[in-house]
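Protein chains in written order, with the working numbering: chain B, 1 to 1065; chain P, 1 to 455.
Any given hint could be a false lead.
Okay, derived cross-link-like pairs now, DSS-like style, lysine-lysine, Cα gap no bigger than 27 angstroms in a straight line [claimed, not checked]: (1) B:408 to P:369; (2) P:83 to B:408; (3) B:97 to P:451; (4) P:371 to P:68; (5) B:421 to P:451; (6) P:371 to B:47; (7) B:97 to P:63.
Hints listed in this document are in silico derivations from the structure and should not be mistaken for laboratory results.
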Amino acid sequence: MKLFSQGISISLLGAAALAADVDSIAFFETKIRPLLADRCIECHGEKKQKGGLRLDSRAAWQKGGDSGSPIVPGDVDGSLLIKAVRYAEKELQMPPKKRLAAEEVAALEQWVKIGAPDPREGKLAVANAVDFEAGRKQWAFQPVGNPQPPTPAHDEWSRSEVDRFILERMREAGLRPSAPADRRTLVRRVTFDLTGLPPTSAEVDAFVRDPSPDAFAKVVDRLLASPHYGEHWARHWLDVARYSDTKGYVYAREEKAFVGAWPYRDWVVRAFNDDLPYDRFLLLQIAADQAEAAESPHLAAMGFLTLGRRFLGVTQDIIDDRIDVLMRGTQGLTVGCARCHDHKFDPISIRDYYALYGVFESCAERLVACAPKTADAAFEKELHARETTLREAMAREREAQSARVCAKVTEHLIAQLELEKYPEQTFTQIIGPDDINPVFVRRWQAFLAGAEKRRDPVFAEWHEAAKLPLDARRRVAERYGARFAAVEKKWRELLKAEPSAESLPDASDEAWRRVLFGPESPCEVPDEHLVNNEWFFPQPVVVGLWKLQGEVDRWLVQQPAARAHATILTDRAKPATPRVFKRGNPFTKGEEVPRRFLQVLAGDDAPPFAKGSGRLELAQAIIAPSNPLTARVMVNRVWAQHFGRGLVTTPSDFGRRADPPSHPELLDWLARAFMDEGWSLKKLHRRILLSAAYQQSSLGSADAAALRTAQERDPDNRLLWRANTHRLSFEEMRDSWLAASGELDLRVGGKPAELLAASNTRRTLYALVDRERMPAVMRTFDFANPDLSIPQRNDTIVPQQALFGMNHPFLAGRAKSVAGRLTGPDSERVGRLYSLLYQRAPTAAEMEMALAFVQTGPAPVVQFTQPRAWQYGYGEFDESAARVTGFAPLPHFTGTAWQGGDQWPDKTLGWAQITATGGHPGNDRRHAVVRRWTAPQDGVYSITSKLIHEPAVGDGIRAFISHSRRGLLRSATMHHSSTTLDVEAMTMSAGDTVDFIVDIRDGLNSDQFLWAPRVELATVTGAGGDAARFWDAEKDFAGPASASLDRWQQLAQVLMLANEFTFLD
Amino acid sequence: MNPHPISRRDFLRRSGVGFGMLGLADLLGSGAHAAPHFAPKAKRVIHFFLNGGPSHVDTFDPKPALEKYAGQPLPQTLLTERKTGAAFPSPFKFQRFGQSGIEVSELFAKTARHIDDIAVIRSMQAQVPNHEPSLMLMNCGDSIQTRPSLGSWLLYGLGSENRNLPGFVAMCPGGQPVKGAENWQSAFLPGAMQGTYVDSQHTAVDRLIENIRSPHATPESQRRQLDLLRRINLAHRSSRLDPRLDARIESFELAFRMQTEAADAFDISREPQHIRELYGSGVHGRQTLIARRLVERGVRIVQLWHGAGQPWDNHEKIEENHRKLSAELDQPVAALLTDLKSRGMLEDTLVIWGGEFGRTPTVEMSGSKSKLGRDHNHYGFSVWMAGGGVKGGTIHGRTDDFGFAAVENPVSVHDLHATILHLMGLDHERLTYRYSGRDFRLTDVEGNVVKEILA
């Protein structure tokens, strides 16, 4: 056998292999095998395959790696292996850490020379290609079946088909269902499940007292009709959609906020509330641009694809994120695993990945309105002005950039001879206007490759010259440059004479002209949104364009009157033909693949996508009723939220490594019914919630032995012999606290608000989700990480959560409000407290404990908070004294600003306002705003600050820095400008104050300003504690010190933190 | 019942839900179940992160050959973020230190007295010459994708030894570094494993740790509240099955204790005067001393960032700027090594020093004008480690004669991570977490332990 295969290898090697006799095998065994084993196999063997290459069998190296086979038997100089071990080229040196000894290199050379005889048998380097036929046998890829619900004997428990599936499995395991939950428990459970909110006491009572047989169905229908249903279920989908209001880290030039985030969030809410069929729901999120008219509110749906991280603008990572969210979100498939190689477990090939990659590579982003024009003429006018400025600048810069490239054809051709100097996107260089931009070098590279393929006569000489030495090729490049310059000159002269000219009269000239001009030209900057074409411009131009884009974005983000906008994808005129990136590396491009759907689902001979990018066809393939995954995945997601765990426990992974479904037939039955009933989610909820399984008690059997059996046989409760306890999510908990205190603002939709702003009493759904600055409390309570598609949240219990409840002013504030709702004698107060928080009456023991707590024990001690460095007030700047007179604190704190009252402007203090970063002076000179800083100890201090007055309208502001003993330190009069106001080393004593004062100039108009000074202690003089060294107005900005809670407030806080509040039975 | 108790990691992998169903000890990362793969050499890490990128040719990698080319182009200049010009010899003096005789520049002369405890890797390599991806690579093992940080992986693998303190602390005075909290993110690991950020410019404990002090209750009145809470919760617990109820009851007791313990750990006034003087009075002295107090109490990893933004990014006037920065850091680093040693803690504490990359040996240009600074350099730079399991007085790897690129024994960031995990008793190929259908590792599919620097 061995000899036989030896023979084959020799015949393959041809003449050079004639030397492959017994001696040569001995040579391999003594010199080469040990060398390969010691120095190569670690990275090119069974365990690792760097560069896709294995050297542990003959077949493996014959097949080769990313760069082909490293050994050309007989051709020493032509073998990459030899090049690498010779360490001659910087780019290719093996082994990378320590080069081989000279005699080892010589041995390898000798081996290759004699034909590389290699007796080693073994598997091929790369595992066999994906076996789609076998893959389709996996349950998840089988068509959704049409199972009939079983009919368990003596079934008095089942209320629906769902129950019959569940009871059957339970009986097989010798288990019994639990008793139904009591009505109060049940109505609390279902109200949270559908709306994320607690029921009111009245709602609980109504259900408890309703004798009708369909009492529970009525509750379910009422909740499904509530606008808060959509809010709650939207949030589940937003976890999957890795929703964020901001882009995450971007370079400073770019606006961080997404313009189209909240419209997407509100669209999802509305889709759930309207029971938009799920297939339509998905189609719109993938291809609303091709299914809806301009300005349609449904365009907002495309935020699903476009609201991912910006990944520093690197295209392949942005697309990877889109493939991931789409395929895990809708198909439960981890297609992202096939970015670098065929999926290791599931029937997904690297070709599948790049087939989808090509779809997104053929799309560009566009910012569009998804609501009709508003009636606010001022808003629309300014928007139009900003958009026009941007559009004109973009047109100008595109033209200027194209001209720069046209003028440097020679350089771009020479660059083709030294491509290694022009790295791909991930390697960022600061490009100046005179530099050769790698993006254009790559564009020329692709263009030239195309020209060669279609045998473009213009470049015949260039391609012919490929054989020549470098110097000669450079001279060819120069000749090309000269010819292009001449053609361009002719064209410009013709245009001058004949502005309507469309071509040059000479056919040859015209062919050359077309290379320089036109949408396919390698000199052209694509006419797309800046996110898609920023790489084409030099650094200063990019910064300038982002500034103008930022003006548009900020106008839309900040103006209350702004209409909703969306970032959509649109198909490019000419779709890209994707190429596989070997190992996911864009530098090593492999074979071309057509744009198409996953082979395992579409079939082996499915035609490629034919329309535009193929995105609409992709959407249609996903929502096709024949797709075995789409309905199953969504049904499982809904089930998981209602029962705490899915029938498939990994809702975004239905692959081979996922546990199979606990109730496969039930899953199919639900998926089938879901599709048959028009993909209605509300019907699906109803079907699940009206089951006896859902309505069970979470306590298990009252019989101790039965309970023990159940716990032993099925400790994870996968067979659903009881309901699972539900721990409130962060949103449910915060919303419930606000609901109990009577402060919850139930308005639906709109722009986000800072989570912890004291004025923010809206549902937590509307809290700003800022990828870069997630409030720590959100992550502490396992809020979904907005950088990643999250199928199911973590569920941790850590002391930081307890600390938030005990010490953060938010809960203390709600406890105060709850206590404020209590009236009457003490026992009535306790009763009301239990009703507000738990929708039940206290037991006698609970009443006694509560009364003992509030009626005895020491009175709460008033806390004295430390003196604050900063105060926020108003007064008049007395110019003769150069100090503020009549300083008084601003009385109201909104959570983000100090001002006159809850309304702004305030009746008495007008527009006076101080925020972390700036503020607004009061309406007249008597109401200057004053940010006051007090020195904590003797020392030498310095002040740095930048004051900005942005608006062009109005006449601006006056600003002063005044010291309590020295008087005026700095002043400025500002309008549509910015300035630096610094104070260098200045000695101060403890208790000295420095006031930062702003008042209006002559008139009140657009006087808002930005000014957040920073004070630094340079040297401590005299005695002083270990005080801070920096004070930063923005970072130190704070609300009022909170006072101690009284005993009733303390009691309310305790009950709001108790497990009964946090866990639902 | 399953006779083979499954490991915590297997459990997490299987449940897919996370910590919800786990026992209390696991929830709080007590370390009771999280265990190393083999006997660790180091139990804790203090990582000085010189954000912005310190120049290796001005600190731990002397290059006298630059003198010869001073003011002239080098034979080969590699592509970096910006244009650089002529060779720029180090303006700082180098000197041999210790028995090993390793050369260190005057910028870290105090640290250099410990050189025989230090292994200098002079052949580090990152992937691109840009801050953001390099910060992500150095902290999270991937330039672009959202991946857990080294500290989060350590907490996942080992837990923390103190339930009353966060297990992973990232200190930075005056604000956050570039990329902010992404540098200590837990990504798909539970939120409890992310680094706790501490703005070390503050001294008051309530400015250092969120919610650590109640603004509305004294400890006595809070104790009274928690006693009531406990009674109510125990009554509620009696008829129910969910073990999370116990965990949450206990979490309040831990939180209560954390308030005093954290205040104590961050209060350096409890240190004797000679120790405070050893570290120095600046903010870096203070945060380094706090770091020692934290690891002493069982915190697993403390990262000490130099400052907000990227202070070491000296494209201009590197002589002046590097001198100022090293003056802030040299004494605290040296003090930490002295202090750990005298307490017998250096042998199982790993101290790491480095940035996200190094700097070019050539001078950065603005047009044709020299800026007297250096550009980013990912082709070769230095990182050093000392303490637990590290072979002191070692140089590993070499850059070329000018310090532009690693040419001998190059060490990738994955290799560095593999080595750190190894010293902590973890096999980087076995420390995995299932997310999105894949078993993720800190080192992705790369990484070799740098055995040459192991003691």
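Structure-based check of all given hints:
The hinted pair formed by residue 408 (chain B) and residue 369 (chain P) meets the criterion: a straight-line CA distance of about 25 angstroms does not exceed 27 angstroms. Under the criterion of a C-alpha separation no larger than 27 angstroms, the hint pairing residue 83 (chain P) with residue 408 (chain B) is consistent with the structure, at around 20 angstroms. In summary, the hint linking residue 97 (chain B) to residue 451 (chain P) is supported, as the alpha carbons are separated by about 13 angstroms, within the 27 angstroms threshold. For the given pair, residue 371 (chain P) sits about 20 angstroms from residue 68 (chain P) by alpha-carbon distance, which is consistent with the 27 angstroms threshold.
At roughly 34 angstroms between alpha-carbon atoms, residue 421 (chain B) and residue 451 (chain P) are farther apart than 27 angstroms, so this suggested pair is violated. With a C-alpha separation of about 48 angstroms, the suggested pair residue 371 (chain P) and residue 47 (chain B) falls outside the 27 angstroms cut-off, and the hint is violated. The suggested pairing of residue 97 (chain B) with residue 63 (chain P) holds, with an alpha-carbon distance near 21 angstroms, which does not exceed 27 angstroms.
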